[in-house]
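Colleague: We have chain A; now place chain B onto it with these hints.
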Amino acid sequence: MPRISEDFRQAMNWTHTWLGVVLGIVLFAVFWMGTLTIFAPEIDRWMIPETRIAHDGREVSYDRLLAQLPPDAATSDYVNFVVPTERHPTIGVFYRDSQGAFQNLLLDPRTGAPISVTDSHAGSGFIYPFHLSLTIEWQNLGYWIVGLAALAMLLLLVSGIFVHRKIIAELFVFRPQRKPRRATLDLHNLSSLVGLPFYILMPFSGLLIFASLYLPWGMAEPFGGDMDKAEAAISGAYDPGPRTGRPAPIASLDAMKRKAEAMWSETEGAPVKTNILRILNNGDESAVVYFRNTFPEDRVVLSKYVAVLDGQSGAVLQDFVKPPIGEASAWVQGAHFIQFGHWPLRWLYFLGGLGGCVMIATGNLFWLRSREGRLARASLGYRTVEALTIGGVTGIIAATGAFFVANRLIPADAFPVKGARADAEVQVFWLVWLIAFVHAAILRERAWAQQAWAIAVLAIAAVASNAVTTGDHIGVTLAEGEWAVAGMDLLLLITAGIAAWAAIRLAPSPMPERPFDPMPAE
Amino acid sequence: MNMLLLLGAVLAALFGCALLALSQPRHWQAVTRTRSEPGRTPQRLGWLLLTGSIVLTILRDGASFAALFAPVLIGSAVLVTAMVLTCCPRVLSPIMKMIMPMN
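Read top to bottom, the protein sequences are chains A and B.
As numbered in our numbering, residues 1 to 522 make up the first sequence, in order.
As numbered in our numbering, residues 1001 to 1103 make up the second sequence, in order.
Here chain A stands alone, though its shape is the one from the complex (with noise of 0.2 Å):
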C-alpha cells in the first residue's frame, strides 16, 4: 500500500483547516435547515395550526373542487391541484389571478373550502428555501452560495480522510474527560465517521438537484442549447402554446386522472396515483391537463410518470417516462428530497443531518480551541472566527426558536397587507440572528452560554405558546395522535433540556482568567 507522503498530508490539513474555517458557517446554516427540511409538512402544521386535519385517505373529486374554487381561481387560465396525503392533508392550490400574479389557497379535503389560515411561511416557505438558497434570490446569489458550500464539503470530507492518521483505530473513542481541545477533536472525529456516507451524498445530490443552474451549457449541449427542450426531455414539461380565444367548458377531471393512473399502473405493475394535477390553457379550446407522479411512497428514485390529457377530448397528448439516465439521476434525487413513507429512515435522516451540525461546529471550535492558548486568541482574525461559531451555531439555533415563537404571538390582524405577517415571522428570525452575531462578538466565549439559555427559554416559549393559542397542548395531541404537532413538541422539549445541560456545562467557571497560558502540543 502507497504511503501518504507528508507534504500531501500537511496540503490536506491546510485545505481542510482553511476551507472549514472560511464556509464552515455556511455549511452549519444550510445543514441544520436542511436536517429541520426533513420534517418541513410537520412544521407546516405546527406553524399553521388550520391544517391540522386527519387525513382519511378518502378520494377527492377535482371536478367538485373546480366548481367550488373561488372565481378569480375558477377562472384562472393555469391552475394547479396538489393531492392531498398523511403529511400533507390539505389540498394546495397553486393558480393565476387575473393580473397575472400567482397565489396560494389552501382548500379543506372535507368539504373543498378554501380554508383562511395563519399567514405564516412556515417549513415549507421558509426553512426549506433558506436551506436550498439561504432565502437570497438576487441573480440566484444564493443558490450559488449553496452549491459552493456543498462543494466546499465533499472537499472538506476527502481532505478529512487524508488528515486523520487513525481513522479506525479511533472510530469508537470519544474521551470527554480528556482536555477540551482534545475532546472536541475526538467528537469532530466521530461525528464525521459515523456519518460519512451520508455527508457525501448529501452535497452531491444536492449539486446534481441544481445541475441545471450550476451547468446549463452541458445540459442544454445536446438540445442545441434550447434550455427548454433539454427540461422537456429530462421532466416532461409541457407547452401547450397560445390560447385560441375560443371558450371551451373543460371535460372531467376525475376521469382524465383515472385515465393517466390507470396507463402508470399498467406500466409499473402497481398502483401509481397522482401527486400534481394542473390544467394549462383553462377555459380555452386549447385547454390540457398535465398529471404528473413525483414523489412515490414506496420507492427511492423520484417517479418518472407525467402524463398530458387533452381538455375536451380526454385524449392522451404526452405520455412522458423518464429516459434511462433521468432515472439513474432520480435516485440521488430521491434520496436528497426525502419523500418516501420510510420512518425509520427519515427519523435516521434526521439524526444524520443533526451529526452533521455537530461535525461542523466542532470543526470549527476546535480551530478556536487550538489558537486559544495562543496570542491569537487576541487577533482579529481569531475574534471574527470565534463570533462566527457562536453566531452561527446557536445563534441560528436560537433564531429558529424566535421564529417559531414569532408564529404563536404575532396576531393575525397585526399588519393590514397581505403577506407582511408572514414576512415579519422571517424578519425576527433574521434581526435575532444578527443580534446573536453582535452578543457573540462582544461577550465572546460568554455568548455560549447565555445563547444555550436563550434556546432553551425559546423552545419552552414556543411549546407554551403553540399550547395557549391552539389549545393543542401535548395531552391534548397524544391523545388524538396528531403526531405532527405532538413530536414537534416534544423536540422542542427535548432541544430545551439539552440547551440547558449544555448551558450550565459552558457557564464560565469562577476562576480567575490567567493572563496567558501556552497548551503543550499532544
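The set of hints was computed from the structure by calculation and includes no laboratory data.
Just so it is clear, the structure is predicted and the values come from calculations on it, not from any experiment.
Here a beta-carbon is modelled for each residue, glycine too, at the ideal position from N, C-alpha and C.
Fair warning: there could be bad hints in the mix.
Said to hold, decoys possible - Cβ pair distances, simulated, as ranges:
| # | chain 1 | residue 1 | chain 2 | residue 2 | range |
| --- | --- | --- | --- | --- | --- |
| 1 | A | Leu155 | B | Leu1005 | 33 to 39 Å |
| 2 | A | Trp501 | B | Met1003 | 30 to 36 Å |
| 3 | A | Arg58 | B | Pro1101 | 28 to 34 Å |
Modeller: Positioned in the frame of chain A, the structure of chain B alone reads:
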C-alpha cells in the same frame, strides 16, 4: 414481519458494532479491566453481524432503500457504541463474556 426484520437489522448493527469495538485492545481492556488481548472472534462475529444487518435491510426494503438505510443505521450503531464505551463500558461485559469461550 417488517417490524421483526427492522428489529433484527437494528440489533445486528448494534451488536456488530459493539463486537468490532471489542476487537480493539483498548476497548477490550477497558471492558475486561485486564491486559488481555481480544483475539479474532469479536472481529469476525462483528463483521458477520454487520453483514447480517445489511442483508436484513435488503430483505425488508429492497436494495434501493437499503443502500440508504444500512449506512445510516450502522453509523448510528457506531455512535451508540462509542457513547456506551465513553459512559459505561462495563455494559458491554455480557457480550464479552458470551464470546470469551469462543476465543
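Colleague: Run every hint past the structure and note whether it holds.
Modeller: Tested hints:
no.	hint	in the structure
1	Leu155(A) with Leu1005(B): 33 to 39 Å	holds (38 Å)
2	Trp501(A) with Met1003(B): 30 to 36 Å	holds (33 Å)
3	Arg58(A) with Pro1101(B): 28 to 34 Å	violated (60 Å)
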